Amino acid sequence: MPEAARARPDFEPDAARRYRIRRYGAMRVDAVFYASSAVLEMLEQEGYASLGQLVNVASLPGIVTPALAMPDLHWGYGFPIGGVAAFDPERGGVVSPGGVGYDINCGVRLLASSLTEAALAPRAERLADALFRRVPSGIGSKRTVARLSEGELERLLVDGASWMVAHGFGDPDDLAHTESGGHLAGADPGQLSPRARLRGLPQLGTLGSGNHFLEVQVVDEVYDVAAADAMGLAVGKVTVLIHTGSRGLGHQVCTEFVERFLNALPRFDFDLPDRQLAAAPVASPEGRAYLGAMRAAANFAFANRQRITHSVRQAFEDVGLAPRDHGLRVVYDVAHNNAKLEKHGGRTLLVHRKGATRAFPPGHPELPAAYREVGQPVFVPGDMGRASYVLVGTEGAMRDTFGSSCHGAGRRLSRHRAKREARHRDLTEELRRLGVVVRASSPGTLAEEMPEAYKDVADVVDTVHEAGIGRKVARLRPRLVVKG
Amino acid sequence: MPGTRLTPLDHTGDVGFELHAASLEALFDAARAALLRELMAAPPTAQAPGARPAGARSFELTLAAPALDRLLLRWLDELLFLVQVRGRVPASARPAVRASGGPNGWELTARLETVPLDVRAQRWRGEVKGVTYHGLELVPDDGGWRARVVLDV
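So the sequences go chain by chain: A and B.
The first sequence begins at 0 in numbering that gives the first Met the number 0 and counts up by one.
The second sequence begins at 0 in numbering that gives the first Met the number 0 and counts up by one.
Bound conformation, chain B alone (with noise of 0.2 Å):
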């Protein structure tokens, strides 16, 4: 992903990171591989095209939120609960984010490729309880844009 930084926020209470990218969505799709790198030491990654690994499913997603920070945050948590309730791991992910006005401004379509938790061969770390408003941020930064996220673990 050009153009794209991952910093690990290394406080001694808990974990997170700050993201820098060109687009929204490679931001968001950032934070998901950040997430992941959370949950586990060799996360999956995206296949070559028209291979599919056994298990792989893939569908479409929809959020919305008031803000564009709070989306970031629907959308994270969203994935933790798709990693830790359903197993599916999202491997890659394409997400589109848009104004869409109204009382929720802001809208997330994206089309998931997911790969079953697998602990042993993903190297599982452990879990995280949650995403936490706190020093939640996404902002435009130098032509781009900048998130910083806090997670429980």
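This is chain A alone, in the form it adopts within the complex (with noise of 0.2 Å):
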């Protein structure tokens, strides 16, 4: 299926489990991956697919080195997931929709709690239909949150989650312990068609389909004991992950950009290797339109966790859990799907995440003050059946990858397969062996996202650790999984 890169590119280690593809052909810059033995493996069951996307992107103008992929890197639309790649607007920097994703803003937040596992497990079953119930997964789902009016729409895609505090959902703590505090500067509501929104509207509040979930945790093992301090982890103590996004408004967005700056093209003074990395200079009238775009929709996907948030804070109140008793609060939100200018060597750059998460040090001024001496949270979820982890930025991501770190595990199985695996077995009760209660809205989705179907995610945050643009801080056990 992969159109980029068939033939192996060359490429050499670099330092520990980072491998570099020296500038060749047209590429304008060096390209730097990070990889376990188990990665290279798949890389070379790939046919090297992925390989070829990041070469084609160290071909994109303004790129400043190196094009960089996470090992969970994998076969994308144009960009590779996991890929990172920096512009300078200065220099004739692109900005480009495909580097963004569909899923504008995707990304991950953490609530931690005061419970301890068990008083968990005598509610688990009744808090697993409480959080279905609560939490819609969207599109043909009959469970519904509150439709907003057009004007009140406009509003949210300036103000993100903060929207939804004003408005009684949530806390402003929530709002100080979220990546840009919830809300990008920037938004320009006038660029998203009447289509976006009409896909939008509906859908907030909804988790989506695919691999998106909400799951009740319990921190079964702390590897740095004062991050885990910062962050309020222990172990028994139950946690609870998020992972949506900016669900049909971003979609919209995406596919009707990637169009628009494949018609000005012709206009621009360069060629591209793949039409899904349709891109525009930053600086260009539809560079600055996407942004602004982009920026509304990512204050949708944050006021979007924001809202589910307080739906799961009201599952647990609706199995005898009162705020005193649950104690839920947002650890960290961080995004894994965006654009964003920030200050790397001293210039202002717009850094493209897919599938890749913002990783700050100690001692960044971005960060809220809760972190300033840890590091930022980096959340990377794994399967239903085995653990998410959490991880702090590092130096050494700010100095190598434009501080950015790994995104999650990487699909091991295509959802065909997947589904047949899945034939004549019961999931449902295969993950309540593993101590997993899960609610999905179809068999379906079930047998997809099934753990098998991923790889370990283990092994990509260890590569993360062993790199430095990562340090391992608690491993998350699964208790409860809701899936779209």
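Hints were generated in silico from the structure; no laboratory data involved.
Keep in mind the model is a prediction, meaning the values are calculated, not measured.
Fair warning: there could be bad hints in the mix.
With beta-carbon atoms standing in for the labels, derived distance ranges [claimed, not checked]:
| # | chain 1 | residue 1 | chain 2 | residue 2 | range |
| --- | --- | --- | --- | --- | --- |
| 1 | B | T44 | A | G150 | 39 to 47 Å |
| 2 | B | L5 | A | A118 | 50 to 58 Å |
| 3 | A | P284 | B | A55 | 19 to 27 Å |
Built from N, CA and C at the ideal position, the CB exists for glycine as well.
Now that you have both chains on their own, put them together as the hints suggest.
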């Protein structure tokens, strides 16, 4: 399926778990990727398609060395998933909707609680039902969250999560623990088509399908006590992880701007190796329009996760756990699909992260006070049967990856193959035997998302840790899983 | 649809399909059916002449694009919007494709017969985020036409 280069690009080890593809052909800069031996094996199996995509990204105008891929890299559309690319707007640097992805500002939010696993156990089934009822999957769901008026949506697209908090769906402290305070400045809702708004309006507070989920978990191992303390994480404590994004609103923005950029391409002085890499100079009218629309969609995503946080708190209350009992508070909310203007090496660069997480080091001025000494929390979801991880950003990430780290496990099986392998199996019962209660909108979703469909996230996290672009803090085991 | 062949693309990342058909019309209609199969396990099919299921509605659609493959993308994007936002499932379509000249050199008109989305009866599988340009292809092949489409799910 992938159209990227099939031949193995020449790469050489460069540092611990790091490999370099020296600039050749149309590449403007070197490409660097992080990999364990298992990832190298996977790259060979896929015919080095994702490395071909990384090589294509390295050919885009204004890219700052190097083009990067995290150890969860795999084949995407245009950009590989796990890709990080920084562009200098002062030197013709571009913005690419495909480098952000369809699900603009998709991300993960971790909530910590004051509950222990023992308090969770007797309520597990009822809580799973309450979460499933309170947090709809979206299209086709009979469960709905209150709709906004057009005017309310307009404000929300500018204010992001703070709109939700101002309207009673959360606490100001939630915003203090959200990347960029839960809203991106420079949003321009005027760039959103009526169709994007129509797709978004009924979907606020919904999870979506595919790999999006809501999990109640238990901290089962702590690797860095100081960082875990700063986040309020301790062995045996209950946490909640929310993974979703900007829903149909963001998808529509991406679709429309890829089309718009392709139409404008003849006016720009560069060729594209792949149309899904459609790009425009950051400083062009098209580039500025996309960034305004993308930031509005990002604010929708922050608001969506904030609204879901409110629904999660309500679900805990539904099963008799008052706020003083559950103590649910936001540890952090971090995005893994966006493009942000950031300072690196004295320059302001537009850093694209597509399936990669910002991972700023201790002392960075953008971090909330609580994490100034330990570094920015990074959440790496695994599959529903094994574990997810909490990491923190490092100086190594700031130096080597424009302050970026990994975002997940990556699929091992195609969706069709996962379904074939799940045939005649009772996945709900298998997960129950692992101590995981699951609620899913359809058996098909459960099959596509079964644990064996994913690579072991521990390998990705260990690679990041050994490469020094993130540091392990804690491991979280799933107990209740809601799939869209 | 005699002479039409659908091959699902089975990749770890996402989903898609390859289509072969004797005519552009057959190919665009096969793409509609293939998209529905990604969205639902039991998509509705065309009704017998004279039969009209509850809630059925029909309408005309016109689209234009600068190239044939981009017209296919626009067609599928339009159908996605119809299902996922309007809640209308195009159970059948009679697309007609023609070269129209000008910057938008290709035009499609179609009469769509739609029924309401019913997640239970049609066995909804999950959302499709978008139709991508990645690997998008629509070319003449062996006296007919061949297309490849990758979806982001």
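Tested hints:
no. : hint                          : verdict
1   : T44/B with G150/A: 39 to 47 Å : 42 Å, holds
2   : L5/B with A118/A: 50 to 58 Å  : 52 Å, holds
3   : P284/A with A55/B: 19 to 27 Å : 44 Å, violated
Hint 3 from the earlier list is the only one contradicted by this structure; the remaining hints agree with it.
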